[in-house]
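Taken in sequence, the protein lines are chains A and B. Residue numbering for the first sequence follows my numbering, starting at 1 and increasing by one per position. Residue numbering for the second sequence follows my numbering, starting at 1 and increasing by one per position.
Rather than coming from a laboratory, the hints here were simulated on the basis of the structure. Since this is a predicted model, take the numbers as computed values, not measurements. You may find that some hints are simply not true.
Same chains, same names: a pair is fine if it fits in one copy or spans any two.
[To be verified] Straight line, CA to CA, 16 Å or less: simulated EDC-like cross-link-like pairs of lysine to aspartate or glutamate:
#, residue 1, residue 2
1, Lys47, Glu59
2, Lys47, Glu82
3, Lys47, Glu79
4, Lys26, Glu52
5, Lys26, Glu58
There are 2 protein chains.
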Amino acid sequence: MKLQPARYRLEVRVTPRAGLLDPPGKAIYQALHALGYVEVADVRVGKAIALEIDAASEEAARARAEEMCRKLLANPVTEDFEIVHSDNAPAAGDHR
Amino acid sequence: MKLQPARYRLEVRVTPRAGLLDPPGKAIYQALHALGYVEVADVRVGKAIALEIDAASEEAARARAEEMCRKLLANPVTEDFEIVHSDNAPAAGDHR
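Bound-form chain A, shown alone:
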């Protein structure tokens, strides 16, 4: 018996590592203050990458997505990544 693959929608969030400079975040911070949003204390800009992956299970899709992050999607020196959620089978416990 072979598992029928299904399509999973995962979202990967890639963020600049804490402590590293984030020039786009700084630019947005300054623009928001210039517009009067002085209550903004910090802005960090990352990428939200939505992936649709054909896999036999959600676990398999997540494992492949993690590999893709390590190999291509995130810079291992400057960025952190997190697989935020999946549409087919909502993940519990990893929303921050």
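Starting from the structure of chain A, add chain B where the hints point.
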């Protein structure tokens, strides 16, 4: 009596509107296929903007963040935005 402001951490997700071209997404899609990840059916790239906002309540922080999205963070013609979650008071129901 005046409400003491607290700091709220909200995350805004800005994504290219469905149907519009997404050149960074296409580039990542092609790179993943070149690396052998042929099970990837689609890639869309958006921004994940983490905001820290001082406000009297979570609702107030969200309302201000929505204004910021409309005025600066999202392009009203080509992008959609969504306020995904907050750290101080996790929001229910708007995780996709």
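Hint check:
| no. | hint | in the structure |
| --- | --- | --- |
| 1 | Lys47 with Glu59 | neither (22 Å within a copy, 25 Å between copies) |
| 2 | Lys47 with Glu82 | both (11 Å within a copy, 14 Å between copies) |
| 3 | Lys47 with Glu79 | both (10 Å within a copy, 14 Å between copies) |
| 4 | Lys26 with Glu52 | between (31 Å within a copy, 13 Å between copies) |
| 5 | Lys26 with Glu58 | neither (36 Å within a copy, 23 Å between copies) |
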